[in-house]
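Protein chains in written order, with the working numbering: chain L, 92 to 270; chain R, 3 to 638; chain V, 11 to 347.
If you're looking for bench data, these hints aren't it; they were derived computationally from the structure.
Where hints are given, some of them may not hold.
Calculated pairs, DSBU-like style, for lysine-lysine (alpha carbon to alpha carbon, straight line, at most 30 Å) [to be verified]:
1) V:Lys137 <-> R:Lys152
2) L:Lys157 <-> R:Lys70
3) L:Lys164 <-> L:Lys128
4) V:Lys284 <-> R:Lys70
5) V:Lys137 <-> V:Lys347
So the derived label-pair ranges between C-beta atoms look like this [what the hints assert, rightly or not]:
6) L:Phe112 <-> V:Leu66: 38 to 48 Å
7) R:Phe133 <-> V:Pro307: 39 to 49 Å
8) L:Phe112 <-> R:Ser131: 53 to 63 Å
9) V:Thr199 <-> L:Val256: 32 to 42 Å
10) R:Leu313 <-> L:Arg195: 42 to 52 Å
11) L:Leu95 <-> V:Ile296: 41 to 51 Å
Each residue gets a CB set at the ideal place from its N, CA and C atoms; glycine is no exception.
Next come the chains, spelled out residue by residue.
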Amino acid sequence: MVILIFTEATLFAILLTSYFFIRFQSGPVWPPDGIKKPELTVVAIMTPILLLSSGPMHWADVSIRKGRVRWLKLGLLLTFLMGATFLTLQGFEYHKTLEEFTPRTNVYGSLFFTITGFHGAHVGVGLLMNLWLQFNAWRGRFSAADHLPVEVVSLYWHFVDAVWVFILVVLYLSPHVWP
Amino acid sequence: MAISLAARLEQIWEEKPGLGSWLDTVDHKRIGKRYCYTAFVFFLVAGIEAMLMRAQLARPDETLIGPKAFNELFSMHGITMIFFFVTPMLFGFGNYFVPLMIGARDMAFPRLNAFGYWVFLFAGLFMYSSFLIGEAPNNGWFNYVPFSDKHFTPSLSPDFYTLGLLFLALSTTVGSINFIVTIFKLRAPGMSISRMPLFVWAILATSFAVIFALPSLTAANVMLELDRRFGFHFFDPSRGGDVVLWQHLFWIFGHPDVYIIFLPAVGIVSAIIPVFARRSIIGYVFLALATMATAIVGFGVWVHHMFAVGLPNLAMTFFSAASLLITIPSAVQIFAWLATLIAGKPVLRTPLLFILGFLFIFVMGGVTGVMFAAVPFDQQITDSYFVVAHFHYVLFGGAVFPIFAAIHYWVPKMYGRMMDEGLGKLAFWLMFIGFNLTFFPMHIAGLLGMPRRIYTYHAGLGWDLWNLLSTIGGFVLGLGILVVIVNFMKSVRTGAVAGPDPWGGETLEWATTSPPPPYNFLEIPTVRSAEPVWDQPELRDTGHAVHGRQPVLVGHETLGTSVMDADAESVIPMPHGSYVPVATACGLAGIFAGLLTGIVAVTAIAVGIAVTATLFWFRVREEEEPGPSVVVGVAP
Amino acid sequence: MRSRSRHSWVGSAGALLFVLGASACGDTAPSTLHPEGPGAHRIAGLWWFMFWVSALVVAVVTALILIGVLPGRRRRATHDRATPRWAGRLVVLGGVVVPVVVLAVLWALTLSDMSALSLPRRSIALKVQVVGHQWWWEIRYPQQGIITANDIHIPVGLPVEVELTTDDVIHSFWVPQLTGKTDLISGRTNRMWIQADRAGVYRGQCAEYCGLQHANMIFYVVADPPDRFREWMTREGQGAATPTETGALRGQEVFLSSACVGCHTIRGTDARGKVGPDLTHIGSRISIGAGTFSNTPSNLAIWITDSQSVKPGNLMPPIPLSPADLEAVVAYLEGLK
Numbered sequence: 092m093v094i095l096i097f098t099e100a101t102l103f104a105i106l107l108t109s110y111f112f113i114r115f116q117s118g119p120v121w122p123p124d125g126i127k128k129p130e131l132t133v134v135a136i137m138t139p140i141l142l143l144s145s146g147p148m149h150w151a152d153v154s155i156r157k158g159r160v161r162w163l164k165l166g167l168l169l170t171f172l173m174g175a176t177f178l179t180l181q182g183f184e185y186h187k188t189l190e191e192f193t194p195r196t197n198v199y200g201s202l203f204f205t206i207t208g209f210h211g212a213h214v215g216v217g218l219l220m221n222l223w224l225q226f227n228a229w230r231g232r233f234s235a236a237d238h239l240p241v242e243v244v245s246l247y248w249h250f251v252d253a254v255w256v257f258i259l260v261v262l263y264l265s266p267h268v269w270p
Numbered sequence: 003m004a005i006s007l008a009a010r011l012e013q014i015w016e017e018k019p020g021l022g023s024w025l026d027t028v029d030h031k032r033i034g035k036r037y038c039y040t041a042f043v044f045f046l047v048a049g050i051e052a053m054l055m056r057a058q059l060a061r062p063d064e065t066l067i068g069p070k071a072f073n074e075l076f077s078m079h080g081i082t083m084i085f086f087f088v089t090p091m092l093f094g095f096g097n098y099f100v101p102l103m104i105g106a107r108d109m110a111f112p113r114l115n116a117f118g119y120w121v122f123l124f125a126g127l128f129m130y131s132s133f134l135i136g137e138a139p140n141n142g143w144f145n146y147v148p149f150s151d152k153h154f155t156p157s158l159s160p161d162f163y164t165l166g167l168l169f170l171a172l173s174t175t176v177g178s179i180n181f182i183v184t185i186f187k188l189r190a191p192g193m194s195i196s197r198m199p200l201f202v203w204a205i206l207a208t209s210f211a212v213i214f215a216l217p218s219l220t221a222a223n224v225m226l227e228l229d230r231r232f233g234f235h236f237f238d239p240s241r242g243g244d245v246v247l248w249q250h251l252f253w254i255f256g257h258p259d260v261y262i263i264f265l266p267a268v269g270i271v272s273a274i275i276p277v278f279a280r281r282s283i284i285g286y287v288f289l290a291l292a293t294m295a296t297a298i299v300g301f302g303v304w305v306h307h308m309f310a311v312g313l314p315n316l317a318m319t320f321f322s323a324a325s326l327l328i329t330i331p332s333a334v335q336i337f338a339w340l341a342t343l344i345a346g347k348p349v350l351r352t353p354l355l356f357i358l359g360f361l362f363i364f365v366m367g368g369v370t371g372v373m374f375a376a377v378p379f380d381q382q383i384t385d386s387y388f389v390v391a392h393f394h395y396v397l398f399g400g401a402v403f404p405i406f407a408a409i410h411y412w413v414p415k416m417y418g419r420m421m422d423e424g425l426g427k428l429a430f431w432l433m434f435i436g437f438n439l440t441f442f443p444m445h446i447a448g449l450l451g452m453p454r455r456i457y458t459y460h461a462g463l464g465w466d467l468w469n470l471l472s473t474i475g476g477f478v479l480g481l482g483i484l485v486v487i488v489n490f491m492k493s494v495r496t497g498a499v500a501g502p503d504p505w506g507g508e509t510l511e512w513a514t515t516s517p518p519p520p521y522n523f524l525e526i527p528t529v530r531s532a533e534p535v536w537d538q539p540e541l542r543d544t545g546h547a548v549h550g551r552q553p554v555l556v557g558h559e560t561l562g563t564s565v566m567d568a569d570a571e572s573v574i575p576m577p578h579g580s581y582v583p584v585a586t587a588c589g590l591a592g593i594f595a596g597l598l599t600g601i602v603a604v605t606a607i608a609v610g611i612a613v614t615a616t617l618f619w620f621r622v623r624e625e626e627e628p629g630p631s632v633v634v635g636v637a638p
Numbered sequence: 011m012r013s014r015s016r017h018s019w020v021g022s023a024g025a026l027l028f029v030l031g032a033s034a035c036g037d038t039a040p041s042t043l044h045p046e047g048p049g050a051h052r053i054a055g056l057w058w059f060m061f062w063v064s065a066l067v068v069a070v071v072t073a074l075i076l077i078g079v080l081p082g083r084r085r086r087a088t089h090d091r092a093t094p095r096w097a098g099r100l101v102v103l104g105g106v107v108v109p110v111v112v113l114a115v116l117w118a119l120t121l122s123d124m125s126a127l128s129l130p131r132r133s134i135a136l137k138v139q140v141v142g143h144q145w146w147w148e149i150r151y152p153q154q155g156i157i158t159a160n161d162i163h164i165p166v167g168l169p170v171e172v173e174l175t176t177d178d179v180i181h182s183f184w185v186p187q188l189t190g191k192t193d194l195i196s197g198r199t200n201r202m203w204i205q206a207d208r209a210g211v212y213r214g215q216c217a218e219y220c221g222l223q224h225a226n227m228i229f230y231v232v233a234d235p236p237d238r239f240r241e242w243m244t245r246e247g248q249g250a251a252t253p254t255e256t257g258a259l260r261g262q263e264v265f266l267s268s269a270c271v272g273c274h275t276i277r278g279t280d281a282r283g284k285v286g287p288d289l290t291h292i293g294s295r296i297s298i299g300a301g302t303f304s305n306t307p308s309n310l311a312i313w314i315t316d317s318q319s320v321k322p323g324n325l326m327p328p329i330p331l332s333p334a335d336l337e338a339v340v341a342y343l344e345g346l347k
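For reference, chain L alone in the conformation it holds in the complex:
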């Protein structure tokens, strides 16, 4: 899993590098074609929710190491709810953004939606794995001695959170910093 995360991280790095490549090939005005700089209000709510969701996930992981199945279930559930909220907010955000530009508008739109969409898909996969863990946790599958899947999913979730920080900085904040 660690190695899978390496390769996924490389993929995100490549995507973000492509963003910068296009950005510097492009003219002085960015985003181009009169698109407004990214709106930060919704993101300001989404970001802390996603980042804080690493907390309960970690808590769940720590709990099962000590054999506390109930805390595991609770932690997983909290993580799931926070992740789902993040995705829902991203849906709202998309809805609003799509009125202004789409992936077909220009290369900026293509980059914006591909990168955020790709991250959203990762959050989605994380949520599915979370559900699978919950299902097995309820079946009493995990114990202090046997909890590798929890560790793995937890690692993945932290990774998805961490990637968001980079996306936030590059896609949402950088256009405000560099005119």
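Following the hints, complete the assembly by docking chains R and V onto the known chain L.
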């Protein structure tokens, strides 16, 4: 005890013959062979494509093959050789021999391993199905935009390329992950990282290179497919996109890929030379470090494929320096091999002959490679036949000759019978002469101004003779390969019985029977040397005797050890055969077919299959019989 | 013994072939080894330096291989562990020291050649714009208002700036005897310069795969002495002359009333199509179909009626003309000098 243990292991590891086990096997040896067979078939297909091209180019103004077919042939030749032959072939050898060399019972993730093979096979069939509808990829193996975008190529050919390679990337990625974990966690106790065979080092370096290089190709292909299918604009200059982005992304993958191809071959060379030189390899540490250094520096040289694009001079000087620098690890390796040969007492058998051929050809390809780091020369010669000559010297010399050495070297282990020596030598000389006759004249054609990828040329340009020679050489080379096939067919049936260690090898695969039993080793060997079979006589009969001094696993499991020092840590239960990998791969094949054709129903059904299979995959394995994880005695 | 003779045979044959290759090409070959411009001259010099160094490296390695496998040498114990002193030195010397020195020298040469080639010594005499099309070259002289195709006339001995753009996919501009290649990148403009030191015709060809007829995307650089160049430029700058001869006159009528005008321009007439090459002075060009074949009346007739048979996939449809009309059109076009 020994007999009952062997019988017991046989009973729990053996896979029953028949179609069922053919589909559900997770045995790394069967999967490894399968990789080799399939990859070799792709090799022959791509070879036939090459022959057709050579026939067309034998004379000026030839009309044997039209431009459309020619463009498809050179594209598919490159795609097949690079993606569907060399890497899978070397992964096949890796699959078969890495667990044997490190004294494990299987790969770390046997079902993932089976999955990787099926995905490779289906991706290959997917790619070749393009010929059936007459829309084979026709834009070369690097598929430059904007030629490959919807406007200039409305047919499905680029979709076959992008989707086929995205599909294949799954196989290569899971294969690499599997190799890394296997090598890190399943080495026999005592095989610290500094005692690892160099072939294993090479596979490790390759796998890491794959992990970091492949995402770039994946990203590029996803972007291109989004452009083509959904009207995105990544590579569309009229909407702010950039066509050079594709070239960067492609070559950030593409150049490391050269080393992904070359490094396992280097591992084969380092495996064979000491055995036939009959002495320890000289400069083990240098070789291991050079392998890693090549894999790392290989990520910093991609721009030398783009010197004619019109980039700033400053950037080009940097990449020129990096491209020169990468010569050094290769030079170190070559001189370490030469020193080993000179210090040893070489026996000139077929595998060593192929390695000598490799050394000569690879050095020739290396020196012409250095030339391309000289920016002005690169600008003059890039995209000419000189490049075609150069990379065939590097890839055919650097990878295919070692692969043929490996075939002659390892077939006795894999099939228990020796290859015929006379036919082997005949094949070598045909291939060596044929190779040089094919590709050496291409240097000259290139210097005389012949660009690559042209389906015809006019008479009177000074190119005629060199092209005719190339064509003749190509057919000699083909004949040599035919001799190898005949030799193989004959030898695996009637060849001399090989015995466990026909060459006097030093690595652990020679410590067990030929072919090895399904469980590889009766007891997991304990290693105290970098050349265990030479230094530890007691290992010579590991396949069929128990000494009680070493860990004995009597269940369907293997031994987990620590990453650096390989201290025994845990007993890892291994999964049995399963239909889940092939079912998942089928589902994925359906998804890609659905994406290609745009038929939603196909995609939906395939997603259903894939998801169901994945759920089965991750079904908690409580129903499997609890293996009696007995560890009898641990080496002092 | 057998391997020994074979290896040395290949080694010496290699050097021999290169020498042959260098000398065997006639004047017609667009050979990088027969440079006729300052760029190609420098690059050829770099090549010969690298060639001799490479030949030496290959010879040394081949010799070491032979020493390694030669029978009847001193015998050593098998499964030897110790690394002899000389072996370590060989690896360090051959693998690190010598390559570092050679590569450093090569890098220095590369840098000096790069800076020498980046700008011509004399100031730019002329600017030419080259626009790549699938599969022909549009040539423009913006200062003189000249538009032509597939032939680039330049004054001999003077540096000419070439501005490279493409109308469709990526192409690459390569005249091996003059200098290295530069790509024509969609959405970008590249600049390079060429100079021919001797009057003559230099063959160029597209070097980046660009589709079906990549092989027939050829052009010629014609280096003229100054007065002939000036004469060419004056003639080329004018519109097409109205033919005087009756056959050609009829040919003009047929041309102007046919589908030809949808794609082609002949300056001075009503033909103003922009899809295909400008035909104002087609009679004076070297080839037809961007180097597909030479410019003769019979070839032109084949091209007009059935260009797909000689350059499959090109964008020109077959133009059905009666034999008499065809003859007239050919006479007209060939007269457009």
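Out of the numbered hints, which ones does the structure contradict? 1, 2, 3, 8, 10, 11
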